[in-house]
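4 protein chains.
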Amino acid sequence: MSLLYFGSDNSVGASAPVMQALQEANAQGALPSYGNDPFTARAVDAVRRVFSRPAEVFFVPTGTAANALALAQLTPRWGSIYCTQEAHIAVDEANAVELQTGGARLVTLPATGGRLLPETLHKSLTEGSADRPHNARPSVLSLTQATEGGLVYSPAEVKALADIARTHRMKVHMDGARFANAIATLGCDPADVTWRAGVDVLTFGASKGGVLQAEAVVFFNPADATDFDYRRKQGGHLVSKSRYMGAQFEAWLQGDHWLELARHANAQALALADGLEKLPGARLPWKPEANEVFCFLARPVH
Amino acid sequence: MSLLYFGSDNSVGASAPVMQALQEANAQGALPSYGNDPFTARAVDAVRRVFSRPAEVFFVPTGTAANALALAQLTPRWGSIYCTQEAHIAVDEANAVELQTGGARLVTLPATGGRLLPETLHKSLTEGSADRPHNARPSVLSLTQATEGGLVYSPAEVKALADIARTHRMKVHMDGARFANAIATLGCDPADVTWRAGVDVLTFGASKGGVLQAEAVVFFNPADATDFDYRRKQGGHLVSKSRYMGAQFEAWLQGDHWLELARHANAQALALADGLEKLPGARLPWKPEANEVFCFLARPVH
Amino acid sequence: MSLLYFGSDNSVGASAPVMQALQEANAQGALPSYGNDPFTARAVDAVRRVFSRPAEVFFVPTGTAANALALAQLTPRWGSIYCTQEAHIAVDEANAVELQTGGARLVTLPATGGRLLPETLHKSLTEGSADRPHNARPSVLSLTQATEGGLVYSPAEVKALADIARTHRMKVHMDGARFANAIATLGCDPADVTWRAGVDVLTFGASKGGVLQAEAVVFFNPADATDFDYRRKQGGHLVSKSRYMGAQFEAWLQGDHWLELARHANAQALALADGLEKLPGARLPWKPEANEVFCFLARPVH
Amino acid sequence: MSLLYFGSDNSVGASAPVMQALQEANAQGALPSYGNDPFTARAVDAVRRVFSRPAEVFFVPTGTAANALALAQLTPRWGSIYCTQEAHIAVDEANAVELQTGGARLVTLPATGGRLLPETLHKSLTEGSADRPHNARPSVLSLTQATEGGLVYSPAEVKALADIARTHRMKVHMDGARFANAIATLGCDPADVTWRAGVDVLTFGASKGGVLQAEAVVFFNPADATDFDYRRKQGGHLVSKSRYMGAQFEAWLQGDHWLELARHANAQALALADGLEKLPGARLPWKPEANEVFCFLARPVH
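Which chain is which? The protein sequence lines are A, B, C and D, in order. Be aware that the first sequence starts at 1, since it is given in our numbering, and climbs by one per residue. Be aware that the second sequence starts at 1, since it is given in our numbering, and climbs by one per residue. Be aware that the third sequence starts at 1, since it is given in our numbering, and climbs by one per residue. Be aware that the fourth sequence starts at 1, since it is given in our numbering, and climbs by one per residue.
Errors might be hidden in some of the hints.
Stated by the list, open to error - Among chain B residues calculated to face chain A with C-beta under 7 Å, some are:
(1) 33
(2) 36
(3) 99
Please keep in mind that the hints were generated in silico from the structure rather than gathered at the bench. It should be emphasised that the depicted structure is a prediction, and the values quoted were computed from it without experimental measurement. Positions of the beta carbon are idealized from the N, C-alpha and C atoms, including for glycine.
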């Protein structure tokens, strides 16, 4: 028996509207670089409209960069970041968070399907000792939406977790590499599952959702973004020809295009899950809620 | 009087063949991610052919990342990197090198137009004390080709500098953000001004030379590239949909397209310089050799 | 009910022979600094004799420094260090390891009384994915001897764990803040429970064992110590007047003085444990094997 | 001809009162560790009295640690620290500042005898470009008192430099490894040449001035010291048996003992300088003002 993961959303190309936008951005001739172009400005506005919030928005080329830079903004290097054992930041980013934070610790908590339960977080935070300056200081809670296991947090679930974090004076980060898929499932206002539920900063991923390559770091409270421009530059994540990331994001967000793409991906995942369940010896550990499907298969089928 | 810099090669778009290649890469449907696609493989081969060398080649999204990651590969954090006072790594990258190296020091040397003289390097290296473990250990020489001032090193000049570095057991890095412009001026075999002259690693820039966004780190000695895949990932510089960087680089290098673009840029720079020199009160501190023009102008003209 | 810890071995002063040695070192007048004095040289020899091995030995002022610097020598920043959930490096050193390594991850494993079982290590190493370059690379196993819970590893137990580490191409570090207490309990040759059992580097603690302030980092394979002098200096852990640390260590190791002090501390711990067990409502979670006693007490007794 | 440096203040032992205090501290039996003992508390008070200021005071084992930790408190990692080319932090600390700050840059300015002139600082700060976020942000001015060349800044000279720094929103650090020698020469109130002249944090060195091993980081504005306890611990610079550093500092500062020792060292340096000047072919580049003597000697004399 083995647990299989089906489908990689990094393996497909960009949508036609995104490619079209790229062409148009290219046709503009000379434009200011390093984010001072109109495409970037319009993309920032588009993100703000999605969240009904005058957020500070920064585009970066990779999700790993987005997560690590965002977290580095919220924790001192003697801090700790609470996440699940399956968290992408803990497992799949080659210690990028530790590098960018200068040494913060990831505290990894057990979770089924990657969805952290409030009681698990509460227990870990109250049981740990807080002997200053010996113990790292709990500084950030990082949630993944949709989770690495393909599950989705409701606004109430996010709020319950964020409230615990707030009690311990921690900030809340959301790794939204598949945020579009989560919103497509939830059908809620993106604001309800982010800043209204207590999220301080969101890694808003588009690369897995239909663009070539672009991610946004969205600070819902401008004060949290102080000097982030320096941090992004020092990390090597300020692209010179920013117009292209701007154009991709603008086209992706226009007219709910991002949600249509996500609904389509989610539907495909559900269809795959249905098909798998009918195989002899197959079992799904949980029902997929976004665009990821995990399945136990008997060896011969696999 | 003030010294002005004309023209920003980051402000223009990508060439038609590059945009065409991007479209074609997008039309391929699902492809492996993280560099395991055929576009990336062909681009690596193209770079190797340019340099007549089985180099290790890694694509990253920005020049700052390329420089910082390459240098981090060559120096311990208690090492020092010798460069000019004008070097982009010293002035314009927000301490990216210090971050990626974990604390290496940049030793900045005087140079006219950004072109380092062998005697300046020799003097600095022989006059400095080498009291172990108190003094940082000279570890890398970093040259910019073409220089930040728009000048070009000949193969013999690179070799003279690299020989001094070698004597002091230092490695040699070349920041080639405008490498294409230098080759267009020199008209030489790219190998002659890099590994045959003693360069260990090249930051091979395409973003300023006609693509959307792509840079390559080229290790001429594979041993220097050990574990660089981890370093790039930890830095947040491994893009998931690598096919796009591969497609850009492949198209850019095909049939000397990169050199044609560079020749055109260089010619425009020379024409601009000629025009400027005819202005009353204008004076060029040095004749441009690539695609950057600096000029002293009397205030009213400016 | 609460778990109590009795006694802090940092709270007592230095032994008479150590204080005497300090006085004598001070009476010597001018001596070379930064480790080039005869006291340091003799202390290095004394450590080598203890371990019957031409080890590379470096003195540093704190145990946190000793652990972090030693581990930084053995792992790249994209590596991971396996230890127990109770490990001092994981809990009580404010992310010192993450800082010195530049971002390595601590993987914390469950263990009773801080003593790691081979099957726990084996399971963790074989179950984890090893998808390069996304997952951190397992690089070091760190064992604490005596453990944070007051237990001791036998030579065979160390070897069993080190063998697993070796299979996964990992190095082995031993945090020996209470190494003296462990040897006093085991009664074995110090070499048997370190390098002969597969330990590559030992943090050999004297501060908790009877000196004012001094720890040694002991590399059993000289190649592992390459450039450690730079690392110690860059960390701010090279003391100028090294003679004092040398004098303390020399006196502490002379004629088994270190083991006599440890035997006395262990005996006191056992006596305390015996007394506690007789209290109504008290329960020891495990029998102390070194100089630390943990006890569950009913609230009224506490 | 060669420039020689006479005398190393790290090569001599501790004074009798300091050794006596150490013995007394050791005789106290069990005391709280990690700085919570009465010796440390009294030493903090003693430092505060020296500076007539309720400063935040932290003891650390080495001067390199004191400098690097203090500077890390005052600059972001994308900041730059202005100092002289001869500065100990730039030349003799193996990039410790870069490590602790996470990558801040040292900008090294020319200075005769290590004494920085206001015009040199002003010129560097006004000529450098400040193109955010590309250029590192000037964040700290670091002065050495007495300088590495054996010269002393008057209160007015410190103020002139600090005023320039303040204009550029920079903080001011003083490396006072030989602060005692400077005060012995100046004969002024220590407050006048530190916080009253604009210094924010002082590395107050005792190791070169008559103790075994102890340095203090003195924050004149408590807000600058926020979380410094974590920083010191993470750096591995929180000693467990803090009583010994406390005892040393208390005895050293008692009844002007520190200044008597410094006056004696200064007088010896002057006598040496006088003798050297009488040698045929000898020339002092500048008259020593503290306890360091530099001299040009014709080869045969040397």
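Do the hints match the structure? See the list:
no.	hint	verdict
1	33	4 Å, holds
2	36	10 Å, violated
3	99	5 Å, holds
Hint check: a violation occurs at hint 2 only; the rest are consistent with the structure.
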